[in-house]
Amino acid sequence: MAQREGPATDAATTPTEDPIMLEARALTKHFPVRGLRGRGKAVRAVESVDLTLRRGQVVALVGESGSGKSTVARLLAQLYPATSGQVLLRGEPVKVRFGRRFRAYCRQVQMIFQDPFASLNPIHTVRYVLTRSLRIHHRGLSKEELETRLAGLLEQVHLRPAERYIDKFPHELSGGQRQRIAIARALGARPTVLLADEPVSMLDVSIRLGVLNLLKELKEELDLAILYITHDIASARYFADRTVVMYAGEVVESGDSESVTQNPAHPYTQLLVSSAPDPDKLADAAERPARGEPPSLIKPPSGCRFHPRCPFAMDRCKTESPPSLPAGDGRVAACWLYAEGVEKPAGLEVKA
Amino acid sequence: MGQRVNKVDTAVTSTGHRAAVGDPVLEIRNLSVDYGYDDSAVHALRDVSLTLGVGEVLGLAGESGCGKSTLAYAATRLLPPPGVITGGDVIFHSSRDDRRLDLFAMSDDQLRASRWDDMAIVFQGAMNSLNPVYRVGKQLIDVMTAHRPDRSRGQHRARAKELLEMVGISPDRINSYPHQLSGGMRQRVMIAMALALEPQVVIMDEPTTALDVVMQRQIVEQLVKLRNELGFSVIFITHDVSLLIELADRIAIMYAGQIIEDATADDLYRRPRHPYTYGLLNSFPPLHGPRRELSGIPGSPPDLTALPAGCPFHPRCPHAFDPCDGKRPELQGTGREGEGHRQVACFLHDGYEVAVPGHLAIAPKPREKSS
Amino acid sequence: ACGDGKTGDGDGGAPQALTVGMPNGPLTNNSNPFTPTSSGNSLGYRWLVYEPLAQVNQIAPDQAPTPWLATAWEWAADYKSVKFTIRDGVKWSDGQVMTAEDVGFTFTLIKDNDAFNGSAIPFDAITVEGNTVSLTFTSSQFVNQGRVLETMVVPKHIWSAMSDPTTDTNQNPIGSGPYTLKSWTAQVVTMVPRTDYWGGQPKVPEVRYTSYNDNNAQTTALASGACQWSYVFMPNYQDVFVAKDKDNHKLWFPSGLGIHALFLNMEKSAFKHAALRQAINLVIDRQAIHVQGHAGLYPLVDSPTGIPRPAGEAFISDKYKGQAQAVDVEKAKTILQQGGFTLDGETLKDPEGNPVTFKLVDPAGWSDYLADLQIIADSVKQLGIDATVDTMTVDAWTEALAVGDFDASLHWTNTGNTPYDIYDCIMNGAHLEPLGKKASWNFGRYRNEDATKALNDYANASDDATRKTAMDLLQDIMVEQVPAIPLVAGPIGAEYSTKFWEGWPTAEDPYAMPQPTQPSASMIVMKLTPAS
Amino acid sequence: MATPTTVDLPVASGEHGISPKKGRGGRGAWSIFRNRKAIVGLSILGFFAIIAALGDVIAPYDPNKVSSTLMSGPSGEHWLGTTNTGQDILSQLIVGTRGVLIVGLLAGAIATAISVLIGVTAGFIGGVGDEFLSLLANVFLVIPALPLIIIIASQLPEAGGTTVALVIAFTGWAWGSRIMRAQTLSLRRRDFVEAARANGESLWRIVCFEILPNLTAIIASGFIGTVIFAVLSQITLAFIGVTSVSTWNWGTILFWAQSNQALAQGAWWWFVPAGLCIAALGTALTLINFGIDEFVNPRLRTTGGSAKAQRAKRIRARVGFTPVYRAPAEKRGED
Amino acid sequence: MTFLLRRFVFYVVTAWAAITLNFFIPRMLPGNPVQSLINRYQGQLSTDATQALYAMFGLDKETSVWQQYLDYWGNLFQGDFGLSFTYFPTPVAEVIEQSIPWTLILVGVSTLISFVLGTLAGVYIGWRRGRWTDSLLPVGSFFSAIPYFWLGLIAIAVFAVAWPVFPASGGYDGAFVPSWDADFIWSAVYHGLLPAVTIVVSSVAGWALGMRNMTVTVSSEDYVTVAHAKGLKERTVMFGYAARNAILPNISGFALSLGFIVGGTLVTEIVFSYPGIGYVLYQGVSSKDYPLMQGVFLIITLSVLVANMLADLAYAALDPRTRQEG
Ligand SMILES: Nc1ncnc2c1ncn2[C@@H]1O[C@H](COP(=O)(O)OP(=O)(O)OP(=O)(O)O)[C@@H](O)[C@H]1O
Ligand SMILES: Nc1ncnc2c1ncn2[C@@H]1O[C@H](COP(=O)(O)OP(=O)(O)OP(=O)(O)O)[C@@H](O)[C@H]1O
Ligand SMILES: [Mg+2]
Ligand SMILES: [Mg+2]
Ligand code: NI
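Chains as they are written, first to last, in my numbering: chain P, 1 to 352; chain Z, 1001 to 1371; chain R, 2001 to 2532; chain L, 3001 to 3335; chain G, 4001 to 4326.
These are computed hints drawn from the structure, not numbers from a lab. It is possible that part of the hints are untrue.
[Unchecked claim] Over 12 Å on every C-beta distance to chain L, these chain Z residues come out as not near it, computed from the model:
#1 D1038
#2 S1040
#3 I1085
#4 T1086
#5 S1107
#6 R1115
#7 G1137
#8 K1138
#9 Q1180
#10 P1323
#11 L1331
[Claimed, not checked] Have a look at the derived ranges for each label pair, beta carbon to beta carbon:
#12 Z:S1170 with G:L4005: 43 to 49 Å
#13 L:I3125 with G:W4186: 55 to 61 Å
#14 L:I3125 with R:S2163: 44 to 50 Å
#15 G:W4186 with L:G3126: 55 to 61 Å
#16 Z:S1170 with G:L4193: 27 to 33 Å
#17 L:I3050 with P:E144: 30 to 36 Å
#18 L:I3058 with P:G140: 21 to 27 Å
#19 G:L4104 with P:S84: 43 to 49 Å
Each residue gets a CB set at the ideal place from its N, CA and C atoms; glycine is no exception.
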């Protein structure tokens, strides 16, 4: 069942009822294709996505490359105008692109990028980066205030002592340190929502954990709502409260992280989970069900976008796009298998 | 070039016996590599020894910058300037025709002839490994014409199609240009190309890091299948230890230009001996099983230009003790029964009188350890 | 196109082709003799095809013109009409006979096409009678008589068939001259002799005209002997040309009756004081200008009257005969003092008390002129005058001179059969325009009624005495008032080689203008004989 | 891809994979001064700059002053000989330096300004505006600049230094603008630009503080390139005599030499020194550009001082066949 | 075919821009062809001829600029560039027709030679990077910094004056009439040799430098290493992999810098008095011959455009990525 249908469903799954900070409703993004041959065509990167971020909660957005995760994040950050659908900040629809209102929006919603090597301008020192963030969002800071706030930010991201890092250039820092600077920059605005677009995928395995733990800590400390985008489903399980799975621009499954990862409902999620490397898995793992490649987003398959790869595809899947259907455990899956009266094939039992 | 020709005899020799599974096919001995030619050179590899057995999948893991790629390139002498091999040997034992090649003593022509035929390599940036201006078919065929000039073009072409089919690409893609293929397909083309001459060793440097898990899974499965069919040996490089554990027979962990642990996949996963290995394994959240607390590894990876004295890992090591900051531990057998060729470079296992933490514990090694 | 022997030494005693060159760049195939831009005109080969009614020797204007296609002519006393008697037995190169009809036609052609009437002769009636042609003019043509005589004659049967003679390229020129066009290419035009020329059989078996791209190339060709006749400015001709073959490489640069003079703007600055003009005239080192500025090629003008010698010798009044100007700084200073000028330290001040400074301008790139100006600026320093040399683009300069927006500038005068043209360009009140309006001559805005009247008298007089009086007066004005400062004469010169052909005009035997692009070209070629 | 673009150069060093050398504090633009080619280039340029600044003072004669020593070769009195009017050629050369440098730098500066403006705008705004501006730049590139300059300059009433500089700048900005556009385009897609925007930076600040500083090297290289072009054009114009030949520059000297047939007279001293000066200045500027290129594209760096080390160790570095160098026994195993 | 279509639009716009620019330049600038003709004769042409010349050149008529623009286009489509003043009444088209083969051959051949030579040298130097060949770089930059015309002057001084083995000027020997016979062709080649060598010498280094840098850059691409790893012959790797990819930017660079190159070579013609289009332009410029200037400029631009188009086609043929898109 879609979240759109009201907080009532959510209430059933998350009894703690944290207030909704940021919400996407039927968010859609089509990128027009340039050039003469592609006239009138569009990349349907995001199609009618619903998403809710609550205070103090981490929502993981997983999906394979090109499934539209980053596009969702950018839409939420208002970096792209949406083709249709709404973004609501604390229940208020917002649509800003430039100027003061945009700034006011980014004060609330900040974004962290995948690649800390690329998201920091090589010519600016840590001080410049953080000072800008503070100055943009908190005008009229005195020099002393600024200094203490700078030091505070670095403390917050565990770069201690602050003086050691404040005057460094990005290239003088390790990947983990850079990503911390990027986080500190985001925190400089004192946001309530943090959109983290694959914040650790470019980092070394041994330092990933540090950054994730930092984010976790910050979430608890500052009561942030975090959207955690990743293609590593294991880290979604580790870090996120809820997990939303995307495929080819659409949300195919959502629910609390533990059950989504341990007991995937949608065939795509199953594929994803079973593909993830897992040392504990039995060596003779069963032949994986699905193969093939992600579809073209310019001419997506009709019906369920997953049907060409789905081992359980039915005729209906080819024509009708499935709505979000409850799949037990307070989860929803966009799959006709969960429609009433459909017999579940073997291998698709949702474990209790 | 002229002087090198004299060395032909020493470079290629016959070992005189047929290889069996488990025999070494590639031996890397005390390999050292520098970047730079003068005193400010970066010592990217120091005395690395590694043996690849016939039919074995050897995993090589470690943090970014620890020298995995350098090892792969150096072992094939493809390291770009300013890389220079400053010591060691790489010996290739052909299990098919009893040749023993000393890769560092071969002339250019010998090397060219041996390349790809004996040992093929799939690079880290396999996305960029295809020449953008030639059709993939041509690129598959040109390696065959270079090494099998006796066969006809038609045969090569048929073989190229066969290869593509083998890696799961429709043979009519033979006329595609690289940019017309998706990343996963290009990767598979590279794998197909690596197998074109049925080499005995395939080195794969992070062949799947740029792909997402579904694609990675497909490629890895394909690789395992092909290995089972064709029986080549693989050195598989990645920093994804969990993938290696699933895939590899044996895993070597590198840290700061050295191998610090070398064990079978299972041993390594269940009973890591080196604190770094342990930390590495503890950096991956498990997808299944109980949600355990992850410790990770504190600190950040070392800078090869300014390595700490002693064990390079000691500044980050929770168990560092006396000799760690003064002496460099050597990679040696753990000496424990039933651990076969298992090796580790850590003073915790070097007979010092220290309390070895439980998770790394093993019986102390006898002082007079041989091998 | 030079020096690889193909044009040079021939085999045995066979007569050599004569190679003529001009530094005029590539040309197009156009032998229309009336168009100044045609190759025929630019290289001068039109004069081997078309001939004038009479040969006028501009370097010796007092000589009587040599009858050519006209055997005789008769000017009315007022020079408002003339009657030509046309030579018999002249045939066009296509075999047709030349008649007075053709001559009449030619004059009518010129009269009817402004584009052909380069000398703006005011033709009135043109009548042909038997073998005579009579012309009448709307004004006296005394000063233009040479130009009328020099009119070349074209065949009526060809030219009357042309749809537009002004744009016809006349690629197969038919004329009465000794040669015909054999072949035309962008680099070489080859002329071969006729067998039925009225003046006899030409001895030069072939004349080749080559267009060199610039002075450098032309000079090189002359020096190497690849080219044997040309008119080109060359610095240091001794070294670059004569020295290459001392015996044969010759040049002769006689003056015509046209000069290069420094025009002084009397409407601006202190030049309105005659004393200043005289003083400057006295300090200018003409020898230096002749040698350094013009490489010794442009003849020195040392007569105070500004009339070049020997060409104008006959016109110089008795008062100034034999006089030559020399630098005389002391005299100049005296004149200035008398004129009310004062020397304030190093600076000369005019009677009004302003320091005397002026700018000498000429177009950028006219190296000889600019060198002259440098020398002048240097010379006037001796008087305490600060003069600077400035350059402009040609357009700006032309405009500046026409509207009088300059201090002093070197410019040429027209060249004529009498010194009239020189004086006319310098001081005729008829050309006078106020500052800001375009004047065609008299750029210095020299105002002198007497001068204007004298010029008028000279042009329109019906007797020699009146003309002599007027000419003397003009010379007086020139010497006393110095309306412009004459510097060098415009040469009508040539470089030539006597290696294969002899009989060139020389200072000793000045029978014709040596320049290959002058009407006398056919006369010279006819006189050439193989070198002994 | 609108048109085949030039190589996308990495913007700055110190990125992933290129380990920053220890002990080099900061990655400031000054590190270009460690490049040997750049140093040589800058020294020559500096030499000419000093001459340009002091021209009038150090010239032994007034370059316009005629003397009676006509057309004489180098001597103690006139080091580089005299012209046919006895002017001192050395003085002309010295005084002319200023004209060359000023026009070159002025044209370079104006053209660079235009190219930055157009290139960065095009690269940044994208879309139709980009198409239009790129088209404009390409049109200007294809239209042969020198003939156009010759035509314009020859027809202007006052073709003095500034005018010439303006004309050259007006026709010479396109190349730089193309490169600038390609760079901006690749920069604009960089995460740090997006990150700055997501952080709330205003548009102009992003352009001026995030993008432009990263273009410094490219701008500098474009500037130098235009200066070379401007110097050569200006000298060519002067040489063929379409610009004012009374203001001294090296082209003017050559013009006078040519129009007085210095060649035919064997007066090599009249045209050789000026040509050598042009070539030297051009070389200097090219070398500086090499330095910048190598600074921008680390792959181009010759291994520098290590060339010596290579030779000492007889190492022949090349792609595809890594050299094996075994140190003499006593040095081995010291690590 | 988006790439080619885009290029096509580009060509059309450039052609239009060049043609229009061409129309306006003389109209925006002051000057008077009659006066410059008079000036050329410095006194030997009587000032009275001025009126005659105005009448002859047809400069005494007036029409609106728009009408002139339309006429201009109309004439252009008939290949009519008007009548030259310098060579009055020869049509400009004829003047150009006469000179353009010389330029095409001299400039075209020598530019091509220098491009090919430079590219080969660049590949070689880049391939052997780090060796003594690298020391050719500063020498190369010195040569590329020498202005064409100056090198031409020196060449003339040395090889035509001091040691006269080559002719100093002209396109062929004056003794011949242009025709396709061996003597004439030999003479033309002989005359073209020195200017051609000048062009090659002063431009070859530029190509070499560009190609060297590209080769160095491309040599460190993965696919080149792969080619080595595949055990292909060194020549195959060098040409098929490194040079083949390195040449792509050089070709588009070649196309785009043609405008610059042509400019430089035209001056060579002036120095060598070569009967090509550059010299004609110079003549037109110095005598304010607008129709001629316009015609020559237009022809140069259009030839550059055509050359560009060829280079683009070559590029498209060499780079499969441009062929298929979207
Ligand atoms: N600016 C854009 N213009 C056109 N298409 C775009 C643009 N940005 C993204 N797309 C397309 O939209 C789709 C979704 O892209 P997106 O970056 O959101 O995927 P993703 O899930 O973040 O992938 P990854 O895991 O690789 O980061 C892709 O097919 C991509 O090609
Ligand atoms: N050209 C070079 N000059 C100097 N140092 C270099 C050079 N190339 C690599 N290095 C250094 O050598 C070390 C080993 O690099 P290598 O590429 O082998 O690491 P890796 O283990 O493959 O890392 P990754 O996981 O990122 O691929 C790194 O620290 C790197 O900084
Ligand atoms: Mg993404
Ligand atoms: Mg690597
Ligand atoms: Ni990495």
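Hint by hint, here is what the structure shows:
no. : hint                             : in the structure
1   : D1038                            : violated, 4 Å
2   : S1040                            : violated, 8 Å
3   : I1085                            : violated, 5 Å
4   : T1086                            : violated, 6 Å
5   : S1107                            : violated, 10 Å
6   : R1115                            : violated, 9 Å
7   : G1137                            : holds, 23 Å
8   : K1138                            : holds, 20 Å
9   : Q1180                            : holds, 15 Å
10  : P1323                            : holds, 17 Å
11  : L1331                            : holds, 15 Å
12  : Z:S1170 with G:L4005: 43 to 49 Å : violated, 30 Å
13  : L:I3125 with G:W4186: 55 to 61 Å : holds, 58 Å
14  : L:I3125 with R:S2163: 44 to 50 Å : violated, 59 Å
15  : G:W4186 with L:G3126: 55 to 61 Å : holds, 57 Å
16  : Z:S1170 with G:L4193: 27 to 33 Å : violated, 57 Å
17  : L:I3050 with P:E144: 30 to 36 Å  : violated, 48 Å
18  : L:I3058 with P:G140: 21 to 27 Å  : violated, 56 Å
19  : G:L4104 with P:S84: 43 to 49 Å   : violated, 59 Å
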